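Asker: The lines below spell out each chain.
There are 4 protein chains.
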Amino acid sequence: MGKIGVAVIGATGIVGQRMVNMLTKHPWFDLQVITASDKSVGKKYKNATKWVISAEPPSEVKEYAVLETDPKVVEHEGNNIKIVFSAIPSQIAREIEPKFASEGFAVSSNASAYRMDPTVPLVIPEVNPDHLKLIDIQKELKGWDGFIITDPNCSTIILAIPLKPLLDNFGLERVYVSTMQAISGAGLSGIFAMSIFDNVIPYISGEEEKMETEPLKILGSLKNKNIEKANFTISASCHRVTTLEGHLEAIFASLKRECTIEEVKNVLRAFKGIAQKYSLPSAPKNPIIVREEIDRPQPRLDRDAENGMAITVGRIRADKSNPRGIKFLTLGHNTIRGAAGATILNAELLVKMNYV
Amino acid sequence: MGKIGVAVIGATGIVGQRMVNMLTKHPWFDLQVITASDKSVGKKYKNATKWVISAEPPSEVKEYAVLETDPKVVEHEGNNIKIVFSAIPSQIAREIEPKFASEGFAVSSNASAYRMDPTVPLVIPEVNPDHLKLIDIQKELKGWDGFIITDPNCSTIILAIPLKPLLDNFGLERVYVSTMQAISGAGLSGIFAMSIFDNVIPYISGEEEKMETEPLKILGSLKNKNIEKANFTISASCHRVTTLEGHLEAIFASLKRECTIEEVKNVLRAFKGIAQKYSLPSAPKNPIIVREEIDRPQPRLDRDAENGMAITVGRIRADKSNPRGIKFLTLGHNTIRGAAGATILNAELLVKMNYV
Amino acid sequence: MGKIGVAVIGATGIVGQRMVNMLTKHPWFDLQVITASDKSVGKKYKNATKWVISAEPPSEVKEYAVLETDPKVVEHEGNNIKIVFSAIPSQIAREIEPKFASEGFAVSSNASAYRMDPTVPLVIPEVNPDHLKLIDIQKELKGWDGFIITDPNCSTIILAIPLKPLLDNFGLERVYVSTMQAISGAGLSGIFAMSIFDNVIPYISGEEEKMETEPLKILGSLKNKNIEKANFTISASCHRVTTLEGHLEAIFASLKRECTIEEVKNVLRAFKGIAQKYSLPSAPKNPIIVREEIDRPQPRLDRDAENGMAITVGRIRADKSNPRGIKFLTLGHNTIRGAAGATILNAELLVKMNYV
Amino acid sequence: MGKIGVAVIGATGIVGQRMVNMLTKHPWFDLQVITASDKSVGKKYKNATKWVISAEPPSEVKEYAVLETDPKVVEHEGNNIKIVFSAIPSQIAREIEPKFASEGFAVSSNASAYRMDPTVPLVIPEVNPDHLKLIDIQKELKGWDGFIITDPNCSTIILAIPLKPLLDNFGLERVYVSTMQAISGAGLSGIFAMSIFDNVIPYISGEEEKMETEPLKILGSLKNKNIEKANFTISASCHRVTTLEGHLEAIFASLKRECTIEEVKNVLRAFKGIAQKYSLPSAPKNPIIVREEIDRPQPRLDRDAENGMAITVGRIRADKSNPRGIKFLTLGHNTIRGAAGATILNAELLVKMNYV
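These protein sequence lines map, in sequence, to chains X, G, B and V.
For the first sequence, my numbering assigns the number 1 to the initial residue and increments by one for each residue that follows.
For the second sequence, my numbering assigns the number 357 to the initial residue and increments by one for each residue that follows.
For the third sequence, my numbering assigns the number 713 to the initial residue and increments by one for each residue that follows.
For the fourth sequence, my numbering assigns the number 1069 to the initial residue and increments by one for each residue that follows.
Be careful, since some hints might not be right.
Stated by the list, open to error - Taking lysine-lysine and the DSBU-like style, the derived pairs with C-alpha atoms no more than 35 Å apart in a straight line are:
#	chain 1	residue 1	chain 2	residue 2
1	X	Lys265	G	Lys566
2	B	Lys968	B	Lys997
3	V	Lys1333	B	Lys941
4	B	Lys1064	B	Lys758
5	V	Lys1201	V	Lys1333
6	V	Lys1388	B	Lys854
7	V	Lys1388	B	Lys977
8	B	Lys737	G	Lys359
9	X	Lys285	V	Lys1118
10	G	Lys708	G	Lys402
11	X	Lys44	X	Lys62
12	X	Lys139	X	Lys229
13	G	Lys381	B	Lys984
14	B	Lys737	G	Lys628
15	B	Lys845	B	Lys811
16	B	Lys997	G	Lys381
17	B	Lys715	B	Lys755
18	V	Lys1150	V	Lys1278
19	B	Lys715	G	Lys381
20	G	Lys400	G	Lys455
21	X	Lys320	G	Lys585
22	G	Lys628	B	Lys762
23	X	Lys256	G	Lys585
24	V	Lys1340	B	Lys1032
25	X	Lys142	G	Lys676
26	V	Lys1201	B	Lys1032
27	G	Lys455	G	Lys498
28	V	Lys1340	X	Lys25
29	G	Lys641	B	Lys737
30	X	Lys39	B	Lys755
31	G	Lys399	V	Lys1278
32	V	Lys1353	X	Lys285
33	X	Lys320	G	Lys628
34	G	Lys633	B	Lys774
35	B	Lys922	B	Lys968
36	V	Lys1345	X	Lys25
37	B	Lys1064	B	Lys997
38	V	Lys1324	B	Lys941
No lab work stands behind these hints: they were computed from the structure.
These numbers were taken from a predicted model, which means no experiment stands behind them.
Just chain X, with the same shape it has in the complex (with noise of 0.2 Å):
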């Protein structure tokens, strides 16, 4: 089998960055186009992106030239290309999205624009792959001969795949998360030096609305064409420190049945999902790490973990104030594992479940 063809669109900002750079040594898929915003058409990739992973963009794509972001482009200047990669901004994804999976693309989309739409799967590979069957009803409903899937926000991927195995097992009632995020998680030109340094900002824009609603779609059930969500609350509060790559987060968790922290440990060591089953190529061979040390996970030891695509998960611990309450540590990269690689990740089990 060849390679399948690709586009990313948004490629300059650091989500996109993040997709060409593990798109470039992928083994199923060719990357063939990169678009960007008006001011970046034209140029060189090299030129047009301000590149904050290494010294320069793969030797493979920087000479590439940076194409509108228009499903007619991406079909003529490409050579078949089936999925489409996004990492545009979310009010652009509202009206660009579409009109690539009405043209018959796959999309996958990092974006947060569709991301909460009833048809619309918001997928982790590891905990809820059957939510793909929303595609189905999604073309019929809106006449596309493509689709649009997406990942989750990245501090929900974070929260929501530790508590997926927790919810099997134990039940969940109630859920409080705190984070501490990276950087990078605003973007390039996101947050000032002289706002940060020295400094926590204790507000994200959005961030807390999207943790709370975005896990109870994901780890809801599929019935009657439909996401019937979660039964359980979750309340974040969200905070922005200066750590380059790696959300952390404080977790207090109050279970339906009591437990041992040695029960726990052992349902978060033993999840696997679909993703390693078919062990998808950007897959962890553990989607969760768990940890002992006293004092881990920490963003810059542990964010690498499994090419940035494992959580870390520690100081797993009881809540002495309730019987059934536990507190742990939440760790991923950001724009990895909460993102590009969200992506990508998602993009291979279309194809493992032959959706492209």
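Since the structure of chain X is already known, use the hints to place chains G, B and V on it.
Answerer: Relative to the frame of chain X, chains G, B and V by itself:
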């Protein structure tokens, strides 16, 4: 009235430095004696100290000889010293503070050693000044001429002050608190740059236990010569981030009765205590500053409010997951309001209430 | 004598904020008018400004309306304003400052637009107060009722002050300077966190040119209505590091005659200027503080010396590669001594010398 | 050919960790033995080490027992070990390295103890491979079966590599260098967070002396069994900034003859050495990468170029104060190219040249 002679024991660490700094300009207290551990004894204070507040120690004290931490020495070298401010490590405080108390000194301590001792007041002047009545019980039981009073852990103070008006006005059921604490809280040599740079350290030894127990004593009631603990639960998760000063804490509180966010803001803004009533020299005019901006409090901007003695609260909002739930952030200067300033304000209260 | 009415134009940036902050407590000046760019006009100052010095602007000015940067408006809204402090961007200053000067205002500017204009004094009160004599020439040539004086670039001031006594006492042949400059020097929105975190940015637009030319004008002599430039060379390399405030500069200087390190320290320590002689309100008692510690000056510890108005010099040592060479470090608070405080001290000198 | 057995002595510090990390994947070397100081002996490597490169030590070595730093132990526990990589502190290296050499090991050391010993090669493979000829002189004079070779100080390497083609092509007269060095250079526990946060520490013990002397030996010529030092001067000023890895150095160089900036770029770009000629496994394809962007090299972006083994040079420009002067910045990964990678590349050269 002449000034009251005071000493600082353990004066070379960060909290000791802050004490010295605040006492050199104090209207009531005359700093006469500075002590530290053996390796500093005999040196000039400026040479014994790695001063981190500014370019060098205040000119009034920089030439002082550092003395031994011994009540006889303090008595002999000072001139009628009545109050001893203790910034010595807790395990040493356990041995030494009683010696000072038995020699007749009033010890205002920042050490944790005796905080939970049932005869020792754990005091925030704005919150529980009546707990000072334990002093007479303490003196009688221990047979001391002097006594020990303590301030709470730095994170505890920043939490307990806003909890006080909430408890009094709405009742409290459950509190979850997730902290983002400054590096100064670990002392001069507590954290290596290689450990915390581009990182968060999600563990602070003993901190969660302190935050979960101390506020219940502080917010408890003195009944029959005993403190009856406050009747709600606290669960804490403590984390170190890269800020210099200022502990920021995200709070999820479940109140006893429903109320509006405006009511919450009003009771926090209206809150005053005896420190304000008597205009104690180190008391902030407003113990709690409520900010309306969407992204405050911030450590760098808000920690110095009212000379570092005010607590700043912000982002007060409803917790949609709980009809009686609110969320907010609280911030204070950990080495001033949370440590040195706390012991000094406590001593001012002692003077005002005629315990010294 | 009543206070002299003053205005700050361009008051919302970091330097404007520092000017406002210093002027609200000023013994000679009465800050009556604040102006900024169109998008701020009509707002209250507290709302127009992203205040970064502390929790919020001083209460004296936070309710001020921000006015248009227009001499007619300043004249009309103020009450006999005589001095205008300019913190506006250089390209705008080029248009606007002459309008203020021609309307009769004394403009004390931090902008670079007119620094190298042969009729405009580029003044550091301790170094070249006699250059103020250019004012009369300027007024005559330009036909203005008022005039413009300028302060040097922030890095220049921190270099030029210690060079002055070296030049006077030993002569200077060649100076190499390598800077480590704080992020505040780039303004509120000058640097993205993603750009500088865990990084050094080894380029600051225009900075090296300023450092290589401005000191030669400042240290030059007024002869026949012209500044004859000082006769030595400066070569600069400028770099941005992650400190909040305080530019640190490593100097390699080749003197005209050999001398001992003690001699160098002595002339630096003994250095005083007219600002000290007249005890101008913002003048530091010691313009140069010489520190003996092996690892000083340090930005965080030394930038605030004498309210941020003293320069701290340290590590003065022989350059073994050159018999007439010395090496040292110089440090100053870039937005106080290097900017806002410099314009205010210049204005104080204007008043003292009866130019206002 | 089977792999050559090697040991790392002093394997728990940052440089030791980097050595272990690079050797676990090495095509020629088989890491058999790890040693460290007494407090680590007998522990598993993963427990003895505060690993800071990633989540944990490579799986190949993390269960290794840490052995005593003793040639007999290394001999006994290893299987025909020929090369010992030394990352032990210099004062201990002074005692221990000769013991290993006398037992017949080839010691490739990162310690400074023997760098300036006239019989010990101080080698950068791209610069002075012929200095290995000192090995025979050393063995004869010391009466050892084995020998010691050393790599230069981290800052020295980053300076000496670009100086080599400049010296060969244009001659060198005078070099001034001002460094901005990463915290990793001080080791795991070398700098407290409270010391360097929001700060620059303008002093690094012994560093300036090393930078002023080592390059003259490296760039010197082997004549009559002695190294005749290179005939130009270096003056250094060394400073620690808050970056994790990557030393950045600002250079002011006075050449022997005038040349254009293009010529300088060309000779730097064209520079190759024996490491490239023989394609040694750890050798970068391009020892010097010349960047044209106005603001490069930058530590975070450029330190990892060619697996951290390339030096990146940028901002090459004329020094207007000196007709034969040029200015530029040079940057390298201090714990890879500047330390661990340097000792490994040196050992690869030893093998290639049949010294092992």
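Asker: May I ask which of the numbered hints given earlier this structure violates, with the numbers listed in increasing order?
Answerer: none
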